[in-house]
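K.L.:
Chain by chain, the residues:
There are 2 protein chains.
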Amino acid sequence: MYLSASNIKKMSRVKRLNIINSVSGVKPGNLIGTKDQNSQTNLAIISSVVHLGSNPPYLGFILRPDQNVRRHTYENILENGLFTINHITSNLIEQAHYTSAKFEKNISEFKKCGFTEEYIEDFSTPFVKESKLKMGLIHEESVTIKSSGTLMVIGRILHLIVPDTALSEEGHIDLNIADSVGISGLNSYYALDKIGQFPFARVDIEKKPN
Amino acid sequence: MYLSASNIKKMSRVKRLNIINSVSGVKPGNLIGTKDQNSQTNLAIISSVVHLGSNPPYLGFILRPDQNVRRHTYENILENGLFTINHITSNLIEQAHYTSAKFEKNISEFKKCGFTEEYIEDFSTPFVKESKLKMGLIHEESVTIKSSGTLMVIGRILHLIVPDTALSEEGHIDLNIADSVGISGLNSYYALDKIGQFPFARVDIEKKPN
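Just so you know, the protein sequences line up as chains A and B, in that order. Taking numbering that gives the first Met the number 0, I'd label the letters of the first sequence as residues 0 to 209. Taking numbering that gives the first Met the number 0, I'd label the letters of the second sequence as residues 0 to 209.
Looking at chain A on its own, in the form it has when it is part of the complex (with noise of 0.2 Å):
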């Protein structure tokens, strides 16, 4: 099927969300934990995190200022400067999912949902217990994306935790094994199963075609 911006835009609202979240292809599903100054914790579901360099370790997601749900975090965020991204596993897909509930900002979606609060040593934000493969991270810098009215929140992280049976002597992380999923549009989950690894692109090597 083909579309234009025309046909695109002529779409009912909710048509338009459900495509358009798919068309990047796979997203990562990550719940996000914050901390207010008075000790209330808040976990949102996010499946726009992306990296953005290795030394230092930075990752970036995507707000909506206006979206009520996320507006908490990124409020938490301010506050404290710390945040936990916690990869959500096959069988927590239910649990995660409701925390986009829009929950009043006294009300705990840990509680709520299901998870559990974790804490490490010096790090006063909640990692999920219940999470197999997450991160601690502070906030280094926001930047406006002006054209889309959505904000970038950028993280470097301060602590990992993954688990041993994923991570190879080379430093691979095998999202099967971690039981990491994906999310396509705004309410459908994946499993991955890997189909391929390949060593490091060189010229030198022609690869023939299927």
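Each hint should be verified, as a subset may be incorrect.
Heads up, the list lumps identical chains together, so a pair's fine if it works in one copy or across two of them.
Lysine to aspartate or glutamate pairs mimicking EDC-like chemistry, simulated, CA-CA at most 16 Å apart [as the list claims (entries may be wrong)]:
(1) Lys-111 - Glu-93
(2) Lys-193 - Asp-178
(3) Lys-9 - Asp-35
(4) Lys-111 - Asp-203
(5) Lys-101 - Asp-203
(6) Lys-128 - Asp-178
(7) Lys-9 - Glu-169
(8) Lys-14 - Glu-168
(9) Lys-8 - Glu-103
(10) Lys-9 - Glu-129
(11) Lys-110 - Glu-129
(12) Lys-128 - Glu-139
(13) Lys-104 - Glu-78
(14) Lys-110 - Glu-93
(15) Lys-14 - Asp-163
Just so you know, the hints here were simulated from the structure itself, not pulled from any lab data. Source: prediction; values computed, not measured.
Given chain A, put chain B in place with the hints provided.
P.N.:
Quick look at chain B alone, frame taken from chain A:
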């Protein structure tokens, strides 16, 4: 396994690249097609495409300005303002990976890696014929991310091609039927297996935790 910022800093460069490029979770596998003023085409694998907005429909991707391969992509985008994003399907992963080799600017990865240029009316930049889900975009904005020394390149979707069989009435795209792949780290490829789809989450429908 627990790794602190200091542990990560002290790792070998290659191990750090492998780990930190994996911790964001699964990444969408896409090929970016471009063309310069002399009709020289270019094709680059990019795993950082991210959804930014649905109305108008915006996508972004991350570039490192110092990276030789993707530099040609960005130079071409600056020359004529257009690029295509083409989902990688499972039978294309080896060829797609090979586009990351450092080809000279006068070499087209389309030809070298066994892909076919495909054109539609009123859009001068090539799509990947072998890809099933693809978009033609116009460059809207580039945003500098200071902390990580990277650039986010933002485009607006002008043309969208989706396989009929993968698109539902409500606009959901099934990435398993579209055969779109995910990427972990720098060189691992994953097929997607749908495990759940949930309605829009509401506060008043309490979910039972697992």
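K.L.:
Against each hint, give a clear statement of whether it holds in the structure.
P.N.:
Status of each hint after checking the structure:
no.	hint	verdict
1	Lys-111 - Glu-93	within (12 Å within a copy, 44 Å between copies)
2	Lys-193 - Asp-178	both (11 Å within a copy, 13 Å between copies)
3	Lys-9 - Asp-35	neither (41 Å within a copy, 32 Å between copies)
4	Lys-111 - Asp-203	between (56 Å within a copy, 11 Å between copies)
5	Lys-101 - Asp-203	between (54 Å within a copy, 10 Å between copies)
6	Lys-128 - Asp-178	within (15 Å within a copy, 33 Å between copies)
7	Lys-9 - Glu-169	between (49 Å within a copy, 14 Å between copies)
8	Lys-14 - Glu-168	between (45 Å within a copy, 8 Å between copies)
9	Lys-8 - Glu-103	neither (32 Å within a copy, 39 Å between copies)
10	Lys-9 - Glu-129	neither (42 Å within a copy, 29 Å between copies)
11	Lys-110 - Glu-129	within (13 Å within a copy, 47 Å between copies)
12	Lys-128 - Glu-139	neither (25 Å within a copy, 41 Å between copies)
13	Lys-104 - Glu-78	within (14 Å within a copy, 47 Å between copies)
14	Lys-110 - Glu-93	within (14 Å within a copy, 44 Å between copies)
15	Lys-14 - Asp-163	between (41 Å within a copy, 15 Å between copies)
Taken one by one, the earlier hints fail for this structure at numbers 3, 9, 10, 12, listed in ascending order.
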